[in-house]
Structures are given as structure tokens and as C-alpha cells.
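Order-wise, the sequence lines are chains A and B.
Using the working numbering, you'd call the opening residue of the first sequence number 1 and step up by one each time.
Using the working numbering, you'd call the opening residue of the second sequence number 1001 and step up by one each time.
To be clear, the hints were calculated from the coordinates, so they are not data collected in a lab.
Beta carbons: idealized from backbone N, C-alpha and C, even for Gly.
The reader is advised that the hints may include incorrect statements.
Quick partial rundown of chain B residues pointing at chain A, CB under 7 Å, derived from the structure [unchecked claim]:
hint	residue
1	1040
2	1055
3	1056
4	1076
5	1211
6	1213
7	1215
8	1221
The list that follows gives simulated cross-link-like pairs (lysine to any residue, SDA-like), each with its CA atoms no further than 20 Å apart [to be verified]:
hint	chain 1	residue 1	chain 2	residue 2
9	A	279	B	1131
10	B	1279	A	349
11	A	339	A	310
12	B	1351	B	1021
13	A	279	B	1048
14	B	1339	A	349
15	A	351	B	1280
16	B	1279	B	1308
17	B	1339	B	1353
18	B	1351	B	1131
19	B	1279	A	110
20	B	1279	A	348
21	A	279	B	1339
22	A	279	B	1291
Number of protein chains: 2
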Amino acid sequence: MTAAAGEVPDTGASFRAEIYEQPDALIRLIEAPATAAACDALAEGGRRTVRLVGHGSSDAAASYGVYAFGLLPGWTAMRDSISLTVYYDAQIALVESVVIGLSQSGRTPDVVEYATRARSRGAATIAVTNDPGSSLAEACDVTLPLAAGPERSVAASKTYLNTVAAMLLLAGSAAGRREETAEVIRTTAEVLRTALPALEEAASRLATAFAYVGRMYVIGRGIEFATAREIALKLTETCRVAAEPLTATDLVHGPIAAVDALVPVWTIASPDESLHAVKDAAARARDAGAVLIASGSAASDIDGAAYRLPVPPAPTPLAAPLLSVVAGQLFAAALARMKGLDPDQPERLSKVTLAP
Amino acid sequence: MTAAAGEVPDTGASFRAEIYEQPDALIRLIEAPATAAACDALAEGGRRTVRLVGHGSSDAAASYGVYAFGLLPGWTAMRDSISLTVYYDAQIALVESVVIGLSQSGRTPDVVEYATRARSRGAATIAVTNDPGSSLAEACDVTLPLAAGPERSVAASKTYLNTVAAMLLLAGSAAGRREETAEVIRTTAEVLRTALPALEEAASRLATAFAYVGRMYVIGRGIEFATAREIALKLTETCRVAAEPLTATDLVHGPIAAVDALVPVWTIASPDESLHAVKDAAARARDAGAVLIASGSAASDIDGAAYRLPVPPAPTPLAAPLLSVVAGQLFAAALARMKGLDPDQPERLSKVTLAP
């Protein structure tokens, strides 16, 4: 039922190939001269409030950006409301802000419109996109091309990882630590390359137990909340599982009431200062009867997990999301294949979302 | 199976009584001298960046605050990361910020800790809490008591509505329009009082069709995203439905792939500039086979809805969430009763969440 590493399955071939291409894609990003130029523009721009805008996987990466900017240069970064500016035309002062528009296609209409309006009102604007010829790139002062190469699967993998890495590089540069940050990403890429085959095998074995699961919660906190969001999105779009991402604390502020043996809870456990909150939420979910999946490099710290999908340690806590999300990508790929679904072409989704 | 208005059911009696008490609670809030004092302190404090922190229903109200502050005084308000400051001790400049800590009990540990640290680092701090003697009130410079009266149901209703109203009053005051804003809330409270009995009857009739629903999406955008979050939370905690809130745009960036005839989609339709996005998302969900519930005062604008639960028009777009959420509260109360669940005491929840 599961595909061995190296074998090309009928469905999801692009998704799987692109997951495997991620180490190379990360290295392309850190080595591209355009990356350094965009990082310098941000670091030298003198604006210390960052407004991140994107949807779907790009918005998950924006969640990570809040932590990268908060922890490296100590800047305030927020996932800004797009509708306040685009729909309601709110007159918020933007001249002291730098806007980072996130869109792999560069064609998400309201992100392009947000960037256009923010620029006309005095914000500095940076496009982070896989298409440097896109309308988002045109709308912004500076472009940081993702350099991920063409992504054919509708379910994103390498563009997500490179967007997270771009956030880390931009934040590292803002803290005057661009080269050191690039080296952290390079090391992480090599750790990932080595880990991929065994991780795929483990994820494929695990997926067999989840063929009939209709809903899940995916729990992360802090730096890893982005990972929880992205894994939940992969499960939802490729496997048709209604997976909802929650912070460890949000779980116990309501949704824990809906948890029982029919709702598996996936926890992202990385060794940082938020781990105790994830452990506490996991214990409460287990007490409610939930089957626990523990992933991340601290997966062994989650007591009573029925399944574990550990990844190797990252060189720094901020690099952990580049590894921990891959367990979820590979699990989603395996589960989709088992269910006869095609992650390359999920029903009702397209590579460029042109919704309002 | 449904309770007529005025009849007291065995379970959820407090939840229902507190839903009915909301018009009075709103009026207590706008008439309390402490409300005016807290509003003046914010308006005169000279800080125009607002950091909102809370969990659960308080965090849903914070989503509303982002719009109220963006649209009335044109200030930047964000739902700030609690873990950046409390777990990771990030060194972000806070001296130009005003922190608004939201907690009905005033005892949410990480919200209290966030406020304490932010205050010691130079932020102005306001507690919005139903307990002016709580540790959150102690930790902050200024307290805006919710004046909702004792809330006995674990599932919040009147403290949520008064927190939303407090956000509106604070934002209105920041724009120099406190008295006008208070009058809008007063009018809205009277509209709600008149609407309640018929709305309860309609919600109870509607709930009978949802006894076996395990998961739902709740869709709002812009000003009404807070309502989508709060209705989803009510359904999850009181009815054990895995209800996930999504912006209209986020639905089509992934989760639409998991929608089919087994996943009802609840839409909040209010007559403002985001309505077209909600209409578009609703059309896509309907095309995927979903049963649509349309609520809000523009419920009739959602084409092809199987069920409608309209509320009367609000006096201004920013007041709409004070009415539209009540349809969800009453639906959750009716559905919980039908399923034999007790919204006053959901399993595994307590009135004060002391999680990390």
C-alpha cells in the first residue's frame, strides 16, 4: 500500500518529487544573489514594523515570520489584515512599515492589491514569490525570488519551505546576521537530505492507521505554530481530513471538549521554551481519549504518544520548522496515495487561487 | 425536542439565561463610570499601536478589535503573540504600545504574565475583565470592567458580547467618538432584546437538522471574522462539533478540497465591503455539495442557502457582530440540548483555564 523510497507512484508524483527536492531548493535560495540584495534592502531600510500578508501556505509561513523577526532583530511583525486595507480602505499609517507580500504564484489578487495600496501610501514593499515576473513582484519595491524552481503539485511543499527560509534570512539580515543565518539553513538542508528516505518510510507506515480518520487537531506553539498550520493544511487539501491547527493553549480553551478517541491529535514537539505547553496539551488530549501522534525532534518527550514521527535536531530552534513540517508533508503524501487521492491535483483547488 | 422561549430546560439553563441577559449587560457596560475612565485613559495616552492578548472567546473578540481600531481611529491593532514575550522573552520594543489584556476571569496565566512583562518594559496596559479584583486587573495600569455580571455557564456569551462592545467603545473613544459609539451600542442592545425570542425559535427549529453533524466550517471575513471564530468555538465546546472558523478567502485556499455534502458550511453575511468575498466562498462551498447555513443581516444575499438564520440590521457595520453572533449562540444552545450535552458544564472545560 505504501511506496518505497525511489519508486514513483501513479498519483502525487510531483508532490513527492518536490518534497525530495527541498534540500536543493533551500540551497538555491541562500546562494541566489537576489536573496542577498533583498535582505540588504530590508536591513538598511530603517523600518522596524513588518506587515506580512498571504493566504494558505504563505500565511502559515507568515506565522513563522512573526517569531523570526521577534527573536532575531526584536522587530514587531504581524500577519496584517488584508481586508482592512483592501476591502474597507482603512486609513492606517503605513509609512513606518515594511510590507512583505507572500505568494508563490505572485498572483493572489488581494495580496497584490494590498501591496499596491501600501506602497502608494508610503510603505516599503518586498515581494516574496516564486515568480519574479509576477504582478506581486511588479507591485513591490524589491523582490526576493523563492528560487524553488517550478512547483507542479497544487499542494505546496518546496515553496512553503523556501518561504519559511526567506523569512529566517530576512530576519537574520535585519539582526545583522545574514551569513550566519544562511549557514544555519545550509546545515539544515543537509540534515533534511540525509533524513528524507527513512522519514518517508516511517510516515508511510504510520499513514496506514489513518485511512478512516475524518478530523484531526494539529497542535504547535510559538515557533512551531506555523508548522501546525501547514501540516493541517496539507492533511486537509490532500487527504480530505478536516484538520484544524491550534496552539497548545487554544486547545484547552475550548476544542478539548470535542476531543475523543475518534479525533487523533498531532503534536509538534521541538526542544524550545514552548515545549512544556505542548506537553501539557498532549496530556490533556490523551486523557480525553485521543490517539496522539508526536512529531518534531522532541517527539520522545510527548508522554503516551501512540505514534511517533521524529525528525533530527535542527542546528538552532528557529531552524526546527524547516525539518518538522516535512514529516507532515510525507505523511500527507502517503495517506493521500492510500486513499486514492491525488495531491498534485486536489479537487476544486488550482495552483493560482484567483478568489476575491 | 426544542424548548420554547421562556421555558427553562434542564441543561444549559445558565447559558440560555445569560444569552437573554446580553442586552442588559451591554447597557451596564456603556453606563458604568469605569468604562468612560478606561476609554479616556486610552484616548489620552498618546500610543497608537495596540497589542491585544487573550485566548478562546477573548481572542475572538480581539479579532474584532483589529477592525474596530483600524476603522475608527486608524490605529494599528494586532493580536500579539503571547509566547514571544512570555516563553521566549523576545526583546521587542513596547514603549510605544498599549497592551489590552482580555480575560473574563482575569486569571488566564499567560495573559497576566504578558501584561506584567509588557508593563515593566514600558507599555501602557489596560485590563478588560469581568473581575476588577483579578490578577489581570492588578497587573495593568487601568481596568475596564466588563460589567457583565456573574457568568455561570462555562460557555461564554455575555462576557464575549461585552468584550466586543468594550473594543468598540475603546476604538470609538480613540477616534474622539465615545458618546456616539455608546449610543450605537445602546441602540444595538435594544434591537437584540426585541429580536431574541424569534431568533431563539428559528435557531431551535434549525438545530434539529444538525444532530448528526460531526464537522463544520464557519466562514466570515473582515469585521465578521470574529463572529465566525466565536460561533465555531461555541459549536465545538457545547455541541462537540469540530467547527473550524475560516476567512472566506482561506476557505478557497485549501479547505474547500475537504468540503462535501457531509460538511455543512455556516456563513456570516453582513452588509459591508467584505460581503462579496463571503458570497463567493459560499458559492464555491455549495458547488462542492455543502449544505449552506446563512446568518447575519444579509443572510438573504447568500444564494442557494439551505437554511437561513437572519438577524436584524445593526445601526452601523461595526455593530453587526453584536447581533450576528447571537444566532450562533442560540443555535449552539439548542443543538447541545438536543444532543443531551450541557453547555453550562462542557466536559473537560472549566470557567477559568489555568493551562500554561
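Can you list which hints this structure breaks, lowest number first?
Those not satisfied are hints 1, 5, 6, 9, 11, 13, 14, 17, 21 and 22.
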